[in-house]
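Novice: Once you know that position 323 of the sequence shown is 323 in our numbering, the rest is easy, because the numbers rise by one and skip nothing.
Hint data in this document are derived by calculation from the structure and do not stem from the laboratory.
Values in this document were obtained by computation on a predicted structure and should not be read as measured data.
Warning: the hint list may mix true and false statements.
[Claimed, not checked] Listed below are the simulated PhoX-like cross-link pairs for lysine-lysine, each with C-alpha atoms no more than 25 angstroms apart in a straight line:
#1 Lys317 - Lys185
#2 Lys155 - Lys174
#3 Lys174 - Lys2
#4 Lys2 - Lys88
#5 Lys28 - Lys88
#6 Lys38 - Lys111
#7 Lys155 - Lys131
#8 Lys206 - Lys155
#9 Lys38 - Lys165
#10 Lys326 - Lys155
#11 Lys233 - Lys155
#12 Lys28 - Lys111
#13 Lys223 - Lys233
#14 Lys89 - Lys111
#15 Lys185 - Lys206
#16 Lys111 - Lys165
#17 Lys78 - Lys165
#18 Lys174 - Lys223
#19 Lys131 - Lys234
#20 Lys2 - Lys155
#21 Lys337 - Lys165
#22 Lys234 - Lys174
#23 Lys317 - Lys206
#24 Lys185 - Lys326
#25 Lys27 - Lys78
#26 Lys174 - Lys206
#27 Lys337 - Lys326
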Amino acid sequence: MKRIILTGGGTAGHVTPNIALMPALEKKGFDIRYIGSKNGMEREMIRAVHVPYYGISSGKLRRYFDVKNFTDPFRVLKGYLEARSIMKKLKPDIVFSKGGFVTVPVVMAAKHCGIPVIIHESDMTPGLANKLALPSASKVCCNFPETLNHLPEEKAVLTGSPIRKELFEGNREKGLRFCGFTSDKPVLLIMGGSLGSVAINTAVRKELDVLLETFQIAHLCGKGNLDPSLDNKKGYAQFEFVSDELNDIFACTDLMVSRAGANAICEILALRKPNVLIPLSAKASRGDQILNAASFEKQGYSYVLQEEDVTNETLLKAIRTVYEQKDTYINSMEKSKLSDPIAAIMDLIDELTA
């Protein structure tokens, strides 16, 4: 039996693609193990899918001044020694890294032990953790054609991001029932990220009556962002977040407004949903969502509205434009070469473990 170590952590976006890959690995007969940080959010996510978990020390890779910048290198070194010990004990055939600061010592330890490593970079340009891990990688997978220009030519492979199969198993009728919607009017899904977006939430609610003339609206507004005055608004369903029923809501959705996180837009592409992307501003991030959205706009998959340009008028115009041209957007997405990311990544794993 071949053994693989998966690693990734810090955010759900560094964990869920690993989880999406697991069924294909199990089908191939791989023994799956996971390395993450000792107290990271990834710990519970991996334990929930019953995969053995190994926690290591981890420092955060900051681009700004913090007193912890002086102590975190020692945590990284400790994590490297712990990861190397785990490698020698488990003797994996390959390591697959989804990114996040915890992966740097894992990838470096794998190289020290002579174990091939595949890195996956979700965003347009490599993040700091993946930049540090690149020299230790055998192959680097990515989501965007433009990313190939930022990676070593002999290592880079355009694969797309692993998408959990449950995403395609939603039930339209269940989604409509869950939201209290009818089947005779299109559904607009608004997703402002896990914390919600004040700009998106405000613009949607200011134009709610106008939007409801055309759409039924499922609004994932983020924790603490519910508006009780709209609880009984016909055709409008608001949620802080949705877990088990999200696949059903996707199934009944005709049009989406979303942030431009790499995993989110890869799911939108896989589901072929016409969409308006509102990337997180450069003031609140390293600007990766802006680049992600620009790539999708260039390929004809999305209409992009920058956060600083969001008003109730501009959002309404964007939604109307996409709905009127929905077939054009769907046709562009249908031409995407990223039709089966899991199969593409499994081919690389097979190649490196042959």
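Novice: Given the hinted pair Lys28 and Lys111, is their alpha-carbon gap at most 25 angstroms?
Specialist: Holds: Lys28 and Lys111 sit about 24 angstroms apart, inside 25 angstroms.
Novice: Between Lys317 and Lys206, does the CA-CA distance stay at or below 25 angstroms?
Specialist: holds (13 angstroms)
Novice: Tell me if the straight-line CA distance from Lys2 to Lys88 falls inside 25 angstroms.
Specialist: With a Cα-Cα distance of about 15 angstroms, the restraint between Lys2 and Lys88 holds, given a limit of 25 angstroms.
Novice: Take a quick look at whether Lys131 and Lys234 sit within 25 angstroms of each other, Cα to Cα.
Specialist: The given pair, whose Cα atoms are some 49 angstroms apart, is violated under the 25 angstroms limit.
Novice: Taken at face value, is the distance from the CA of Lys155 to the CA of Lys233 at most 25 angstroms?
Specialist: violated (53 angstroms)
Novice: Keeping to a limit of 25 angstroms between CA atoms, is the pair of Lys111 and Lys165 held or broken?
Specialist: violated (31 angstroms)
Novice: Would the pair Lys155 and Lys131 pass a check requiring their Cα atoms to be no farther apart than 25 angstroms?
Specialist: holds (13 angstroms)
Novice: Does the alpha-carbon distance linking Lys223 and Lys233 stay inside the 25 angstroms limit?
Specialist: holds (20 angstroms)
Novice: Would you check the hint for Lys78 and Lys165, treating anything up to 25 angstroms between C-alpha atoms as holding?
Specialist: violated (36 angstroms)
Novice: Holds or violated: Lys27 with Lys78, Cα cutoff 25 angstroms?
Specialist: violated (34 angstroms)
Novice: Regarding the pair Lys326 and Lys155, is the alpha-carbon distance no greater than 25 angstroms?
Specialist: violated (36 angstroms)
Novice: Mind checking the alpha carbons of Lys337 and Lys165 for me, to see if they're no more than 25 angstroms apart?
Specialist: OK: Lys337 and Lys165 at ~18 angstroms, within 25 angstroms.
Going through the hint list in order, the structure does not satisfy hints 2, 3, 8, 9, 10, 11, 16, 17, 19, 25 and 26.
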